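Could you put the whole structure together from the sequences, leaning on the hints where they help?
Line order of the protein sequences matches chains D and W.
So the first sequence is residues 500 to 970, counted in the numbering used here.
So the second sequence is residues 1039 to 1760, counted in the numbering used here.
You can take every hint at face value.
In silico EDC-like cross-links for lysine to aspartate or glutamate, where the CA-CA straight-line distance does not exceed 20 Å:
no.	chain 1	residue 1	chain 2	residue 2
1	W	Lys1306	W	Glu1323
2	D	Lys941	W	Asp1562
3	W	Lys1238	D	Asp946
4	W	Lys1604	W	Asp1617
5	W	Lys1238	D	Glu632
6	W	Lys1281	W	Asp1382
7	W	Lys1695	W	Asp1086
8	W	Lys1604	D	Glu680
9	D	Lys734	W	Glu1698
10	D	Lys734	W	Glu1711
11	D	Lys941	W	Asp1656
12	D	Lys818	W	Asp1606
13	W	Lys1313	W	Asp1324
14	W	Lys1243	D	Asp946
15	D	Lys941	W	Glu1493
Everything labelled a hint here was simulated from the structure, so no lab data went into it.
If you're wondering where the values come from, they're calculated on a predicted model, not measured in any experiment.
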Amino acid sequence: MLQTSGLGLGSLALACMMESQGFGNSGAGAGANLLARPAHFEPQVKSVIMMVQNGGPSQMDLFDEKPELSKHDGQRHTDPIEQFQAGSEAQTLLGSPFKFLPRGECGTKFSEIIPHIGSVADDLCVVRSMVSEHNNHTEALVLLNTGKVFPGRPAIGSWVSYGLGTENQNLPAYIVLRDAEGYNTSGTLLWQNGWLPAMYGGTEVATKGTPILNLRPQVPRPAEADRENLNLLAKLNRAHQRDYVDESDLESRIQNYELAARMQIAAPELLDLSKESQETQKLYGLDNPTTASYGLRCLMARRLVESGVRFVQIFPPVKPHFQPWDSHVDTKGLLTKICGMTDLPAAALITDLKQRGLLENTLVIWSGEFGRLPISQNGKGRDHNRNAFSLLLAGGGFKAGCTHGATDEFGYRSVEKRVTVQDLHATILHQLGLDHTRLTYKLHGSDESLTDARVSDAQVVGELLRKPVRI
Amino acid sequence: VRTSIDAFLLRKLEEEKLHFSPAANRVTLIRRAYLDLLGLLPTPQEVDTFVADEESGAWERLLERLLDSPHFGERWGRHWLDGVGYSDTLGLDNDQTIVKLSPGKWKYRDYVVGALNEDKPYTQFLTEQLAGDELVDWRNADRLTPEMRNLLVATGLMRCSADNTDSPEINTPEVRYQILHQTCEKLAGNLLGLTIQCCKCHDHKYEQLPQRDYYRFSAIFSGALNPEAWLQPTARQLPGLSKGELDDVNRKVEESRERQRQVREQAKARLIEEKYAKLPEEIREDVRASLNLPADERTQVQKQLAERFENILENKEEEVLSAMTEEERTVDSECSATIERLNDQLQVATIQAVYDTGAASTMYVHRRGNYETPGAIARPGLFGVISTSGGALPAVEDASGTTSGRRLALARRLTDWSTPAGALVARVRVNRVWQRLFGRGIVETADNFGTSGTEPTHADLLEWLAGDFVRSGERLKPLLKMLMNSTVYRQSAQSRVGNVQRASGLASPVSRGTGVDPRAVDPDNRLLWRQRLRRLESEIIRDTMLSASQRLDPTLGGPPVKLQNKPDGMVVEPDIEDDPTQRRWRRSMYLVQRRNYHLSMLAAFDQPLMVQNCTRRDASSVVSQSLMMLNDRAVLQHADDIARRVTQEHADGLVDKLVETAFRLILIRPPREEEREWCVAAFAEHLLVFEQTGTDAQQAHHQALVQICHMLLNTSEFLYIQ
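And the structure:
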């Protein structure tokens, strides 16, 4: 297990190394580091796991039952609908092919297609009144991850790492777990550090093969040669450094080589699941080829937060499609497939965190970038919808076994207690003890922030929280 | 004090009782000059010649020679391309595996390189890029002359914003306005040092930039990038060929297609006959008759036959190809090759130009930045804060008299050095040049000269430099020569503790006579009491490795080299089999320039995400850089190549000779005594290690040398300009 003290021999060395330098020291952000630092006020959570669901999960087929829509299935819809692609011209209402069932003691209704998520209903806060700003995947995904629709700004994980540092100096503060087969829609745009120092960017940790890129020589050489090499390099670099005593970059560069060597020992332990029990592995579906890949990422996420990583993002499968929730053609077929791959592991993560008492100080978010339309596209599919989507929150001081907000009778538009992406971000930061209006970074003379509240009017959504809002 | 600029700097230094550091030694200087002007390393012979040149003016002669090199345009062109936000891709470029190139875009990159090599005066350079299309009457020309072509290519400056409007669902007014606005914001930041982004929605909070000015500036470009009469990228690009040439190419493509169709039909007909021949004779003709009938005219029996034997007519392309005779196959592949070549020809000729596509539509101020809530009319004009006439920009008659002439008017105003706008343009330009040579601008916020930007460290120097630039012909090369000739540029970058002096003979920077420690007075070196240590940009790290190994392909220009995307996220140079012409070892600026998903080697060293533009590169120091330099396949290849080169020069193989040569190829200097000893000892250890692992003696010797070369590439010294 990845306890703070538990990475084996390598980790001790790593810990020393990363203490002051973190995952590197940026020239641009002199003084920047990854040491844990006090929040603005008492935090409710230590870590965040964000399960990004690229493609736009269909709210009315998963979390937001619409009896009126089923009743009028196949009928022509006369109200104006904002469409994105061609294929929905018939304006025909499409009822969900799935049944909804009350789950847990709370009785919140979930689609039959996500029985395992339904089984943790009492731990979930379902927000049914989300709104996005854009109908295209990239812009909406960039919004969900960075607070604005245009790419280039720091991701929320970068902001959190910048604001709080991280508990475990053995590992990067912000880790991205994606499908080893490739990138989802918009790939690396979603975990950029933007103009924050490079150390705050998301680090991809692979769940297969070598966990970190270039950890091993791509042309093999004897380990003794490596040792001799680093020995020589250190001497050469120290000699060079004598002439440039004021250059902190040179010192961090020397230390980075020492760190690199230790990572070669420590990082592979990240992938070592031998300490995980058979039951745990089964819980995450590692015994089933359909769920194993996503299950492994979910299990890794738990191991990472358990060991003090601040922010973890899990990305969905890239096959059969790299935006797996994008059900333009066949709602039933596509959702059956993607839910079959992700439902069990996602629920397992919540169950497992709870069993271990970690759900109290971990916030789990399950969210896509937008929702889908109530009218049909290409017969049985649905087009993009920025006017309404649903998401799940668990743990982290959020209310549980509840729902928040509502869409109109057909699920087209969020109408009650609307929540913007920036409101969501403000609320996540709040649970981490950060005031979104005070977590700022000076850029070209002006104070930039994740939520840019002056423009977005972002507000912490107090109704979602168990304790009163502090700002 | 060698130049006027030294006097400006020295005055401030002396106020703090400080002084310049001593000049750097000759070897450091030649490396600095090569890296700053060419981004390449000198050869050992070039170093020796310069170090031994005792005649006066050796340094000036070196600078002149480098400024005349065609690689100068590449090095300084890359800086310019950063500022304009150049990318070879068309759209936002969001997905790793989907690469949509903008055909012919690279010609703008080559225009920039050429213009800098020619040292075009800044007025001409800017005017061509802002309004090249308005300088010549290309619309009514029978044939595009090379000059016309060049001027149209130059307008590629305004085609650098991500344009996704080729997808119908993204071709919305919102996105079109965004492309126009991004283009304007980049120009304002890059050329004028004005951050205008805020004014899209409201008056600027800190600057005298009302929201109206944002839309007035946008209106200048609304004839060319007109959101109300938008052209999708393919419709906007120009074929770059005359009508006659274009018809000719298209006719040839058609001919080849037809010829290919014919041979394929021929082979297919034979294939079908072969299949019929395999049927039992008694049903053969019945089947043929059934299949030849349209489906709805078949009898019940014929329908069954047709269904049973429909595969006779369904022949996959592979089947048809394999049924071809040798002769047919030759024709077929000839046709394919011709079609591909002609299509390439069209792609290569394509110009990504900006020109007025029709009458400019009326521009309105967008309330809260929303195009759906238009406010007052915004007439084309420059920002009031840098105008004497309130910003009005009377259109200039363009060459053909048919387009708005608004951009030409803008170019004229921006290069009228007697106006506030012109003066600002000159200041921004010289500040950027200063930033490249000294690591930090006189105004550190290179794209923000407003009140929210940083104060200039030497305001009087900036004024003087801008004035001198304009007075002496607005040319970059003389400016560089003057700056690099100064004492401030030539001083050492070293800083040592106390008075410790090294055997190398350089004096410590502690100010002579005054006893003041500059490290205490000015720890950030804002006053430039020493030159700044600067980390190399990503491309230059790769290019210098290639120049040390002599693998570098010095070819200038041309279509970008495509890269290979791996599932693990690595982006690498193409494999040998995919790259028969060995283009993978071109300079980094010729690798395909995406907005994201750069060559991993470059990405690790802060190659910027080109969503907008980049006026100042980051120089981070993160562990992924160490891992890259230690383990990346290409870096290992470079080390191997350098080791071979070293061995070639020393067939006798004396280890300390090998070490010395490796030093001279990579760090361009001989090793100091302690360094030589460390390397010789490490070499011996490696030899043992490799021999123990069963490598034969010759190979072990080579591998030991590879390790030494590899570590020299990993040194801080290699990564920085001292």
